[in-house]
Amino acid sequence: MNYFIKRVLEIIPVLFIISFIVFVLVFVAGDPVALLLPEDAPEEAVETLRTSLGLDDPFYVQYGRYVVNMLQGDFGDSFRYGQDAMSLVLERLPATLELAIASILVAIMIAIPLGIWSSTKKNSSIDLVATGAAVLGKAMPNFWLGIMLILLFSVTLDMLPVSGRGSFSHLILPAITLGTGIAAEMTRLIRSSMLETLSQDYIRTAKSKGLRTGIVVYKHAFRNTLVPVVTIIALQTSTLIGGTLITETVFAWPGIGQLLIQAVNTRDMAIVQACVMVIAFFVIVMNLIADLLYQVLDPRIRYK
Amino acid sequence: MGKKLWLFGLLMLALLIFVACSDKDSEGDAEDTNPGKAETGDENDRTLTIAIGADMVTFDVHDHINTSTEAIHVNMFNYLVKRDNETGEIVPDLAESFENIDDYTWEFKLKEGVTFHNGDELTSADVKYSLERVAYGEELRDYTNYNQIKEVEIIDDYTFRIITHEPEPVLLNRISRIASGILPSKYIEENGFDHFLENPIGTGPFQFVEWVRDDRIVFEVYDDYFGGKNPDWDKLVFRIIPENSTRVSELLTGGVDIAVNVPPADWERVENHEGTYLAQETSNRTLMIFLRSTEGYPTSDQRVREALDLAIDNGAIVESLLGGAGVPTITRVAPGNFGFAEHLYDTYNYDPERAKELLEEAGYPDGFEMTFHSPRGRYLQDAEIAEMVAGMWAQIGVTANIEFMEWSNFVELRNAKENKDAYLLGLGNSMFDAANALDYYSATRFEGETDYRNDELEELLAAAMSNMDPKERSEQYVRAQEIIAEDVAHIVLHQESINIGVSERINYTPTMDEMIYVETITKK
Amino acid sequence: MPDSLPMQNNLVKNSKWKRWLKLLLRSKTGTVGLLIVLTIVFVAIFAPWLAPYEHSVIDPLNTHKPPFWMEGGDMANVLGTDNLGRDILSRIIYGSQVSLLVGISSVVLAGVIGVLVGLFAGYFGGFLDAFFMRLADSFLAIPNILLALVMLGVFGPGLMTLILVLGVTNWVQYARIIRGEVLSIKERDFVRAAKTIGVKNRNIIFSHLYPNVISSFIVVATLSVASTIILESSLSFLGLGIQPPQVSWGTILSDGRDYLATSWWLATFPGLAITIAVLGIIFLGDWLRDVMDPRSVK
Amino acid sequence: MSQLLEVKGLKKSFDVTRGLIKRKKQYLHAVNDVSFSVQKGEVLGIVGESGCGKSTLGNLIIQLLEPTEGEIIFDGVDLRKLPPEQLRKKREDIQMVFQDPFSSLNPRKRVFDIIAEPLKTHGSYNKVELEHEVLQLMDVVGLNRSYLNRYPHEFSGGQRQRIGIARAIALKPKLIICDEPVSALDVSIQSQILNLLKKLQKELQLTYIFIAHGLPAVKHVSDRIAVMYLGKIVELTTKENLFTNPMHPYTEGLLSAIPIPDPTARKDERRLLEGDIPNPVNPPTGCAFHTRCPYKTELCERVEPEFTEKRDGHFTACHHPLKEGKGIISQHEKY
Amino acid sequence: MNDILLEVKQLKTYFFTEDGIVPAVDDVSFNIHKGETVAIVGESGSGKSVTSLSIMRLIEEPGKIVGGEINFEGINLNKVPRMKMREIRGNRIAMVFQEPLTSLNPVFTVGNQLAESIKLHQKKSKKEAREIGIEMLRKVGIARPDKVYDQYPHALSGGMRQRVMIAMALSCSPKLLIADEPTTALDVTIQAQILRLMRDLIKELDTSILLITHDLGVVAEMADTVVVMYGGQVVEKADVFTLFKEPKHPYTKGLMDSSPKIHEWNEELVSIPGTVPSPFEFPIGCKFADRCPHVMNKCKEEIPSLIEIRKGQEVRCWLHSEKVVDLE
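Residue numbers (full-length UniProt numbering), protein chains in the order written: chain X, 1 to 304; chain L, 1 to 524; chain S, 1 to 298; chain G, 1 to 335; chain E, 1 to 328.
Rather than coming from a laboratory, the hints here were simulated on the basis of the structure.
Hints may be right or wrong, so weigh each one.
[As the list claims (entries may be wrong)] Result set (DSS-like, lysine-lysine): computed pairs, CA atoms no more than 27 Å apart in a straight line:
#	chain 1	residue 1	chain 2	residue 2
1	G	K323	S	K195
2	G	K40	S	K195
3	L	K109	L	K128
4	E	K64	G	K323
5	G	K127	S	K200
6	G	K40	G	K11
7	X	K121	E	K64
[What the hints assert, rightly or not] Coverage of chain S stretches by chain L, computed from C-beta distances (three or more under 8 Å per stretch; other residues unrestricted):
#	region
8	49 to 56
9	60 to 66
10	131 to 143
11	151 to 162
Ideal Cβ placement from N, Cα and C applies to all residues, glycine included.
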């Protein structure tokens with residue numbers, strides 16, 4: 001409990017630092033006004049807009065205002081949509097979450113069997129193939145894989161919808177695209193973690209009891225590997241969300257990623273700020289959950 | 001542990017389902033409108049799905065400068081007058097008739113019985129509200145194109161006058177383009193503008209159903225449309241698919257009926273594919289290279305500019321990079337625009353030998369080095385064109401160092417007037433009037449950026465600006481274009497093409513203004 | 001004493017280099033990895049001599065030429081040409097320069113920051129540590145592609161910016177790894193021995209801690225060269241990567257993506273180059289991890 | 001013999017507070033009010049089972065840990081009061097030999113660098129002198145000179161421990177703390193190292209504090225032995241006294257638990273201590289040993305016995321000290 | 001003799017490492033009778049642990065049993081199918097390891113791990129297994145066994161954990177208990193408790209013990225027969241009294257001399273010079289030749305064989321084989 005509170009309290013400075021980093025970036029980014037107005041807008045119009053947006057104020061005034069507003073969950077209005085940035089971001093969050101969770105499930109479904117399998121058959125040809133496949137999954141750029149999957153499964157085989165969000169079948173290709181890269185990393189980590197676990201004394205104890213290899217591997221070894229695996233999944237949240245940027249673009253998936261890319265391209269900084277804060281918050285919370293799960297999964301920590 | 005693991009898996013799954021479901025609720029009946037495969041099913045048969053590259057920006061018709069947003073708006077809002085794409089003439093739309101009363105005043109009569117999607121009838125008050133909102137709203141992005149309007153004077157429910165500050169020869173052009181849609185004043189006054197943005201209504205053939213941002217915008221047919229209910233389509237869906245190849249794939253698999261901006265790479269594929277064809281049309285957008293005439297730059301010398309122009313084989317660019325789609329031109333004003341100069345169109349100057357001579361005359365026998373900025377991914381094959389141009393310049397000894405820029409940085413560069421010798425830019429002209437196009441050659445507008453100045457041209461442009469005599473005004477613009485061409489103020493490359501992939505089940509011919517008029521799209 | 005498996009202390013007589021060579025040859029993947037990486041480095045260094053053409057020379061009359069084994073292809077352009085008629089092989093050869101440069105320089109930059117922060121924060125602890133770790137948490141919470149995207153959007157893409165941005169976004173992982181190592185190593189008896197001798201803190205950090213953490217850095221750094229190459233291609237996809245006329249594998253791949261269905265070779269060969277390079281680097285990194293792990297070799 | 005080190009009322013506690021609600025501060029008193037002194041040229045053995053605080057004590061004396069309370073007077077100066085830079089200089093007089101020969105040597109350094117480090121830190125030698133010194137040190141601890149440029153991983157545990165000893169004696173320190181220097185070694189190697197340490201002590205007139213968890217190792221090198229239990233010294237006396245006439249029941253139990261390598265001496269009637277060592281965070285009231293003590297009375301549960309000199313030079317903390325002759329070696333066997 | 005429980009005959013377990021073959025156990029033979037305690041003594045690298053793991057068939061890659069027989073109750077364990085071996089493991093032969101902390105799976109409760117083999121080998125239900133498990137914990141001297149049953153290993157002290165390990169090993173009343181350095185990681189007072197516990201329990205359960213240790217004190221306390229190993233070979237084998245009275249092999253003697261004599265005053269410890277070589281560096285002849293005070297030329301050239309110099313005492317040393325030859 002004590003630990004939990006401590007971890008939660010740690011989030012505050014972290015969010016603060018993030019907000020500062022983002023604000024500085026936005027500040028440095030300079031003037032969005034030019035992009036807001038038509039290319040032939042007269043000078044006075046630019047000036048008026050700039051003043052009305054408060055962009056003439058010195059850094060500390062702008063930052064102060066930003067922090068005060070942020071504490072109220074207000075990141076200002078999107079220049080592009082003219083709507084509250086935070087609500088625009090939150091509107092997209094479900095889509096991104098859906099994709100992220102589906103990808104994690106895909107990754108888990110690939111990585112856990114593959115990782116365990118290759119660890120129990122260390123250095124065999126199976127292991128080599130599994131390791132090779134894992135590395136390959138990591139080596140393929142996301143967008144390339146996505147386009148290839150579309151060409152294969154949608155255009156050539158006509159099995160799955162090309163893009164968009166809707167039915168379950170819409171989810172399959174993007175989830176595979178995003179899940180593969182993560183599965184690659186996860187497989188490698190599960191394998192090495194399993195290898196380490198399998199060399200532990202208690203595995204020898206389990207074997208000396210006459211347990212079947214299956215029980216030794218899946219009960220004794222994998223349960224211990226679960227602890228790092230949960231951490232990996234949590235740490236992958238960040239990569240995962242990063243990956244959605246690309247995947248969402250390829251598959252026209254209406255999530256945060258697309259919103260953000262558009263926002264960056266149009267210097268819609270309120271959206272950028274809100275996006276980054278929401279994503280960062282989400283990543284932090286996932287890590288927090290992983291930390292807590294850690295305690296559940298590993299009694300050693302409880303007894304420390 | 002097995003149990004816990006399963007529990008974990010189940011929780012994740014549950015979360016997924018929850019997220020998926022919770023979102024479906026908000027989508028409402030979007031599920032039904034989901035096109036899936038457009039050819040299948042009776043209902044889908046009456047749904048038109050159009051894939052566009054970027055999301056619509058807003059329903060505030062006055063606060064965007066976005067052609068692709070307007071392309072959607074035209075299906076739910078109407079202008080007072082519209083441009084006939086065939087003839088280029090301005091014809092009445094919401095207006096029954098119009099008349100130029102004096103240099104400052106136009107009188108309009110509205111059609112009677114036009115209703116908004118909520119049933120309210122269209123009156124002069126709506127027009128007054130709409131046009132004055134943008135004419136006075138400094139914070140609106142279209143303000144500068146409408147602040148010429150001084151007032152809208154209501155005569156009666158169906159009659160009103162538009163009064164301008166100065167004589168305004170292009171008023172009709174102004175009110176037949178972006179930001180000219182007429183809004184329901186009563187509805188907005190009652191509910192507030194924010195409510196309107198969420199639940200917009202107009203007078204157009206289709207009414208708003210929902211907008212899932214970055215995903216889709218859904219419309220349904222409006223039964224009481226004053227032009228008659230659309231016979232072919234009950235539902236209209238715009239899907240946002242930013243990635244080119246994905247958009248094309250959707251078209252090929254029948255996921256959408258129309259895919260805009262098909263890249264040249266896929267033209268053959270779309271054309272040859274069973275069930276789709278490529279519809280092409282020249283756009284009103286011209287690709288140009290802006291040269292800096294500022295003292296100290298080699299390009300301030302007319303001979304250098306001409307040499308650079310002569311070095312470019314516009315035909316080769318159009319042929320090899322644009323698959324022949326596109327028209328090489330010397331002027332920015334395209335056919336269908338007021339002030340079009342035919343002898344400068346569909347032609348180009350190419351003579352590398354002469355170019356070398358000119359360079360020598362100008363004192364650059366060995367060429368020179370210059371910086372060439374170009375956006376990337378903004379226009380059809382822009383980066384490739386820039387690279388090819390640089391390659392052609394290299395043939396006459398000019399080394400152009402290309403700096404590609406991400407769009408917002410490019411805009412910033414131009415605004416800061418930090419542009420160097422040359423940059424690539426494509427410009428459209430929603431007014432379809434030379435005034436808008438040639439404005440780019442006036443000295444004051446681009447002081448510090450291009451610094452081009454020709455006093456004769458200045459006078460011509462100023463005179464034409466408020467000349468209410470169409471014939472004389474047209475001549476003035478043609479002359480102006482000749483001067484510009486002689487001066488080689490900018491290098492004009494070609495008129496871009498609109499390239500749209502279309503399903504075989506429908507007839508569609510794109511229009512030059514890049515609007516997507518669903519009324520012109522019919523089932524085969 | 002426990003009966004440890006009788007496999008340790010077995011390499012006493014070999015010199016260091018021989019030992020490495022022996023360890024390398026023992027691992028098939030390690031050998032393959034090193035060969036791939038050496039080849040790429042070689043290609044990058046000698047690109048101007050190896051490439052048949054200049055990478056940016058366009059040839060409007062010779063576009064979309066397929067590779068030599070296909071109909072219409074010939075040995076003049078072994079891997080075909082792109083939409084501007086540029087030789088794909090030459091572009092890939094030149095592309096290796098930028099891809100490697102970006103990969104290695106940004107990792108080195110991130111490494112220098114990360115290792116220093118990790119060493120000092122880990123060793124001194126206290127406020128310094130707390131501050132840097134919160135900072136690290138902050139960076140970790142922002143996906144690096146996101147941070148890179150925003151920073152490149154703000155500063156404008158370009159080679160130097162890209163290297164700087166990737167350097168700044170990636171220091172965290174090194175800082176955390178190094179700090180973790182330092183925390184465990186500083187409790188090891190040899191560091192305590194140095195303290196009891198009265199060795200100055202600076203010397204403890206640089207002569208005791210640094211040599212012992214640097215191998216973990218090298219392993220992670222190797223692997224992140226691979227992920228940087230992929231990240232660069234993703235940024236190219238978003239239009240924020242290397243800008244032409246400079247050419248990297250990422251830009252060739254991303255430029256070629258529109259042609260995947262028609263002229264597949266445009267995107268396939270750079271994709272293959274990335275895949276092979278990443279494969280090689282990961283194999284090498286894995287092998288380095290195996291041999292540098294103090295537990296695996298005594 | 002003059003006094004080299006005096007430890008007075010030394011305490012070290014670690015905060016092990018847990019729980020958020022009902023936050024009760026909890027401390028682990030690793031070293032709890034320990035006092036003793038060490039004479040020049042003497043070897044003081046400190047024994048105790050795991051968790052008794054013996055290693056903490058060693059780390060406190062050598063200033064690797066900051067004491068919570070108490071004084072450490074070394075050579076007439078209170079080490080705790082020295083400013084950092086002076087303390088750093090003073091460190092050349094106190095050195096340590098560590099338990100784990102694998103972790104106590106920097107794996108990335110050659111033997112030469114390891115042994116030369118203290119010399120470089122506190123003296124100014126040129127290269128030749130330095131090498132000469134190092135080679136001499138290697139001779140002293142019985143390392144082949146040809147190993148000069150090898151790395152630690154090329155050595156066995158015993159040889160590594162010799163390197164560690166060479167490093168410790170390089171500065172000719174006045175006091176060496178040996179923290180379980182042989183417990184990680186093979187039996188046949190243990191005796192080599194013990195003999196070496198003993199030889200060096202005699203030849204170089206060194207003073208040792210020799211920490212070990214078992215009496216066998218301590219017995220061989222120590223002059224006096226302190227027995228620790230739960231952070232406290234429970235008995236302190238000469239080696240002879242301890243083995244022949246232990247006074248504290250814990251010492252007796254410790255002695256009798258040692259298996260004797262003589263099958264004929266198997267005695268099933270041996271008195272074994274029952275139970276486990278209590279949790280040091282919540283030590284028992286009164287005498288901390290009372291939970292395991294076969295002689296405990298009601299007094300022991302209530303009152304903590306004082307650590308006092310019960311016989312000449314024989315200190316113990318027990319309400320009911322044992323009679324003479326309870327050791328495992330009878331008096332007449334002495335010498 | 002008919003009451004031989006386990007017969008190890010010329011066991012050879014080699015490790016096929018990339019640096020070469022390591023004969024970790026090389027031609028090891030010994031017998032264990034019913035109810036007997038046999039101790040294998042040796043230092044690190046002597047092959048004593050590998051011997052015990054070979055009996056359990058728990059040798060992992062790159063190790064492999066390359067020769068010899070392990071006859072247990074008339075079955076050659078080296079030949080039985082894996083299924084059958086699993087039935088023997090934990091049931092007929094059980095094992096206790098050195099590190100009670102790492103040998104217990106940290107993420108399962110004591111009870112879970114204890115019940116595992118009871119359920120498996122005795123085909124008991126979960127509830128019955130719990131009762132038996134708690135009974136076993138009580139037997140190994142754990143107070144409040146029903147509480148400990150549901151605790152995780154980390155909540156227990158070292159001594160308790162080793163008691164749990166013993167309870168686990170003895171839960172199916174095995175015929176043979178292999179104890180691999182069972183007390184090395186424990187404090188001396190706890191070690192005494194555990195040794196006594198083991199002695200009491202095997203008497204009660206009529207179990208034989210194969211005790212692996214490096215501590216001659218433990219050997220003297222526990223063993224009936226002693227096998228001394230060095231460099232993967234048996235160098236001396238005798239009953240415990242003979243061995244301690246008259247050790248014949250120089251290594252056995254050295255080992256005894258270098259152990260501190262806690263119960264007598266003697267100042268100087270005699271130590272064996274040098275260190276145990278790495279597995280690749282053993283001499284060609286007698287493996288102890290390099291460290292032996294009585295080394296002869298012959299020792300360096302030829303490996304002596306294990307010879308019975310008197311009833312119940314076998315030595316692998318040229319010193320003694322000569323004598324035997326002389327005698328005859």
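Quick rundown of the hints versus the structure:
1. K323(G) with K195(S): Violated, at roughly 45 Å.
2. K40(G) with K195(S): 24 Å, holds
3. K109(L) with K128(L): 13 Å, holds
4. K64(E) with K323(G): Violated, at about 58 Å.
5. K127(G) with K200(S): Holds, at roughly 21 Å.
6. K40(G) with K11(G): OK: K40(G) and K11(G) at ~24 Å, within 27 Å.
7. K121(X) with K64(E): OK: K121(X) and K64(E) at ~17 Å, within 27 Å.
8. 49 to 56: violated (count 1)
9. 60 to 66: holds (count 3)
10. 131 to 143: violated (count 0)
11. 151 to 162: holds (count 4)
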